[in-house]
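S.K.: Listed below, chain by chain, are the residues.
Protein chains: 4
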Amino acid sequence: MAPEVARLGHVSLETPNLEESLSFFHDAVGLEIVESVDDTVFLRAVDEHDHHSLSLTEADAARIDHIGWQTAEPEDVRRFAEKFEQQGFDLTWIEEDEEPGQGEAIRFEIPNGHRFELYGTMEKPEPPAERRSKLKNRVYDPSGNNPVAPHRIDHVQIWDPDGLECAEWIRDELGFQVQEYYDEADGSRWGTFLSACEAKIDIAVVQSEHEDDLPALHHVAYAVDSPNDLFEAHNAMNEHGVPVDGIGQHGISRGEFMYARDPISGHRVEFNTGSYLTLDPHWEPIAWEAGDISDGDDHQWIGGIDSLERVHY
Amino acid sequence: MAPEVARLGHVSLETPNLEESLSFFHDAVGLEIVESVDDTVFLRAVDEHDHHSLSLTEADAARIDHIGWQTAEPEDVRRFAEKFEQQGFDLTWIEEDEEPGQGEAIRFEIPNGHRFELYGTMEKPEPPAERRSKLKNRVYDPSGNNPVAPHRIDHVQIWDPDGLECAEWIRDELGFQVQEYYDEADGSRWGTFLSACEAKIDIAVVQSEHEDDLPALHHVAYAVDSPNDLFEAHNAMNEHGVPVDGIGQHGISRGEFMYARDPISGHRVEFNTGSYLTLDPHWEPIAWEAGDISDGDDHQWIGGIDSLERVHY
Amino acid sequence: MAPEVARLGHVSLETPNLEESLSFFHDAVGLEIVESVDDTVFLRAVDEHDHHSLSLTEADAARIDHIGWQTAEPEDVRRFAEKFEQQGFDLTWIEEDEEPGQGEAIRFEIPNGHRFELYGTMEKPEPPAERRSKLKNRVYDPSGNNPVAPHRIDHVQIWDPDGLECAEWIRDELGFQVQEYYDEADGSRWGTFLSACEAKIDIAVVQSEHEDDLPALHHVAYAVDSPNDLFEAHNAMNEHGVPVDGIGQHGISRGEFMYARDPISGHRVEFNTGSYLTLDPHWEPIAWEAGDISDGDDHQWIGGIDSLERVHY
Amino acid sequence: MAPEVARLGHVSLETPNLEESLSFFHDAVGLEIVESVDDTVFLRAVDEHDHHSLSLTEADAARIDHIGWQTAEPEDVRRFAEKFEQQGFDLTWIEEDEEPGQGEAIRFEIPNGHRFELYGTMEKPEPPAERRSKLKNRVYDPSGNNPVAPHRIDHVQIWDPDGLECAEWIRDELGFQVQEYYDEADGSRWGTFLSACEAKIDIAVVQSEHEDDLPALHHVAYAVDSPNDLFEAHNAMNEHGVPVDGIGQHGISRGEFMYARDPISGHRVEFNTGSYLTLDPHWEPIAWEAGDISDGDDHQWIGGIDSLERVHY
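These protein sequence lines are chains A, B, C and D, in that order.
Here the first sequence is numbered in our numbering, starting from 1 and rising by one per residue.
Here the second sequence is numbered in our numbering, starting from 1 and rising by one per residue.
Here the third sequence is numbered in our numbering, starting from 1 and rising by one per residue.
Here the fourth sequence is numbered in our numbering, starting from 1 and rising by one per residue.
Honestly, I wouldn't trust all of these hints.
In this list, chains with the same sequence are indistinguishable; a pair is considered to hold if it fits within one copy or across any two.
[Stated by the list, open to error] Computed cross-link-like contacts, EDC-like style, restricted to lysine to aspartate or glutamate with a CA-CA straight-line distance of at most 20 Å: (1) Lys136 with Glu168; (2) Lys83 with Glu4; (3) Lys124 with Glu95; (4) Lys136 with Glu73; (5) Lys134 with Glu239; (6) Lys83 with Asp141; (7) Lys134 with Glu184.
For the record, the hints were derived by calculation from the structure and aren't laboratory data.
All of these numbers come straight from a predicted model, not from anything done at the bench.
In isolation and in its complexed conformation, chain A is listed as follows:
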């Protein structure tokens, strides 16, 4: 039986100024700081049991280091490793706890240049006692910190000069399910929206404008409860002086969104809500065509997105 990816775990980002990036990701967005090791800070959302869903490392420039995926079983890491070594990939082994809290892992560039990490286990540290929720099935007390703090990592969106090929590799080699896709009038694939967990979209692979564009991360999305929260979060971003790139609703996924960017690094966070669950074992991908969503040329159902900036590896 093939090894499996269970879910999106985390993104590892680099920033030219760790302190300023923390004032975005911690102070403005409301992620909790779990641990600091050397020049790296590990953060998670208030509803997350696992050690981190985002890491920030100070470096000479803003870059994305890797996207971390948790395998279904711990031994799937070695089984994926065997398979990809046979295919000639150059794997880097990450020892247990080399990335704090994380079990043994592999990192490698997928054919289209994105750097993925596959790991099997992650520690679940208790929050500090004064931040612990009184509810056993909640991690942090949601009333104790940031009014707009999102719950959990939801998905990532990457851009690729050959979006279709990239999406097909992820589907075929990692076993993801295609939830939706969008084809332009010329038949080219604009975007593919895939699921590792099969319950919701975990990654969006979008076609770059130019053939020689570098592979890039457009955003990491964190989940909030309702459109009310998107307005509250947008207000908070404005109050923090953080640049925002739109509020509205995607047609694809039906997800309602608000985008904000770390001013120093350009890393973008989507506050996200309202999408559907795919519990259907026989899900047929939603096939969009040009013209199906008519609100402007950025494929939105409500509102729009002002900026296409993205960050490279």
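Assemble the complex: chain A is given as a structure, and chains B, C and D must be docked to it using the hints.
M.R.: Chains B, C and D alone, transformed into the frame defined by chain A:
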């Protein structure tokens, strides 16, 4: 003691196709039809006791006929009439029930060409029994009809080639209170936001782009409960194929908005929520200057408005 | 490899008066009618692609007929059948389309007397054109019908005189994952909350008060978007004159709820929102003990439930 | 012309332990501390410009000191004073700034034993720079502190052994408008809901159970945005270990509520949303009779209230 205006009552609109306009105002927006007389249909929102807050008349073109204001006391109509006749205004007397449900009224053009109506009383017809709410302080059963139906008329926005003069006339002659105003970098007044009831903004007077622009209505706003409802209403407008002009939050008034337009007439409705009450008897107008609200050039705090189309008298 | 259950599919209910029950499930709750065959009406929620998530059959009394579960693969039906026949269960085969829209299925009583159905496939009929959403990933236009219509079936709650044994059978024989459980001070298991899909709770198994209580259904839950919607739905139930049993938030699952009951049959619907997703491949069940949730004796975190009525098979 | 009350200003409360009461009113509820003078702390909500809407004084027991009402004009204080002196009331003059931030005022017991204060002006101190909102029409940055912080004081509810007489005195002598009232089956008045500002309910006067009950304060209400916020606030109260007395919706006023109490003093705060505005200059009081609201015996439309505890003067 000077006669007083108590509140915004209604807007009277003309449309080239009554049936199509009803499919916007009734079917899509969710206003209730109270009465039809000849070529005019009278509508109100689900929480309104009074006979109508909007009328639609079939005519050769889309126009605004008048904006109706209810006086504090019925006798204020005659007192306003005396005052404005002395000032040389050309008043038209509207007999009781000539506009259905309405007591004696006057209509006239204010100096800047907008047509106002002042009336003192309005009937409060019961809704049909099967639509009557079980709660005595609610009019229509909110679960019986349109999921996005707003509660009550909130305010109007008018455009004027001399916005400052127009706003000052409304303040000085009708006794409105200035809640907020916005001055451009060159010192010109972009907009003045006034209250008849002193609890909230009832009318926004905005400067036209060009000196020879005609006086116009930009929109009539109806109140909903929360930003959730704005997204729901936007979805409904998209499903109805109705054009929309943006979702977001104004800086001025802090009102959260969604704009939609009647396709046939161009009349625009704002779904509106989230503004504050001014209960302070010593309210000092909020004085905005250029640069105070930085999100683009349309003075929004969140999102933006795509279209400046408006309808003339 | 063992056959698997993929998700909760539907509940089949009996009512002494089909028409009156429809005025609850269709008119008040907002489920859509898909098909009527003889004395049975098949309904689904506005976001559901599959043929039905609830059926209502006129009978001499209110009863629950069966709870339908969809297997991961169509062939899992036969594999489950082989297994349970070997174990001596008395299986009833349901031919394709005998239950409209449904593929081949088996029905049987589990050891604790609950009647389960396992089926592999279900048709996905298009809604009537005038009710079809303009969004390809949405089924019905949400603005076209009932303001409080929930999205999709979420879970069922059953009561059993030996709740622990019943829950363990479901876990061990159907392969469900335990998400949470609650033990009373005397060590007895009050409730077990299990997942078929592993992303969320699909069934709650709760201990009956008395040893000789019959196996029963407490409620079927349908998902809405936010606590706002719970208040709207509660208002709608009051306006429809439908009995309600509480609004609040469970501690277990953190789900926010509003309960309403079909007046004629007593079948109860939970409007449900706010629970979390379990995407963690190494989920450890949340283990509650007496005293962990302090709000009264009905284990609620917010509010309470007034009535423990339930319906038997 | 008669002197007028413009609005509810503040409540002055006494507590046996100031520090513990602050951990309720500031830490849990989210009111901002404006100033501390001797044993008194002055607080306001995040949207309030005026110096305080609540004060807490350490004393030997929990008591209510007075309810403060702002007059329409500063000179109305002296005009009310003349009138009430003529009527034989025993007035206490409060010098300007004797109650910090407040202009000259009078305090006196109304016939039914409630202690009212009438003041004309109140300072509007700027918040600390780091807490100032970037929006000129907002006071505090709402993202900078407590996630559940309400916006502004909304109303008070008092209990009186002769509720009808008390309400009529407030209506006749202070010029309040009756918005709604509720009569029991025996014709006795259970409650009267009055407005000083005429836009909404400012005070509820409710009949005590027993003739010899002392005049009391049941709660002070602060406004939030939506039912979502009520659930969030309830969660926050639970996390803080603060006692709560119910979540739901009143039939009278249609206000949605959540009640919480300061554990040390018993002073109760209502988080409140969803009521309507009365902009109608000819408002006719809503007249409820026994049986109009059927949800239990506490006159609620949704949910209920667990505790009738109240605090005396």
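S.K.: Which numbered conditions among the earlier hints are violated in the structure presented, ordered from lowest to highest?
M.R.: When the structure is compared with the hints, numbers 1, 4 and 6 turn out to be violated.
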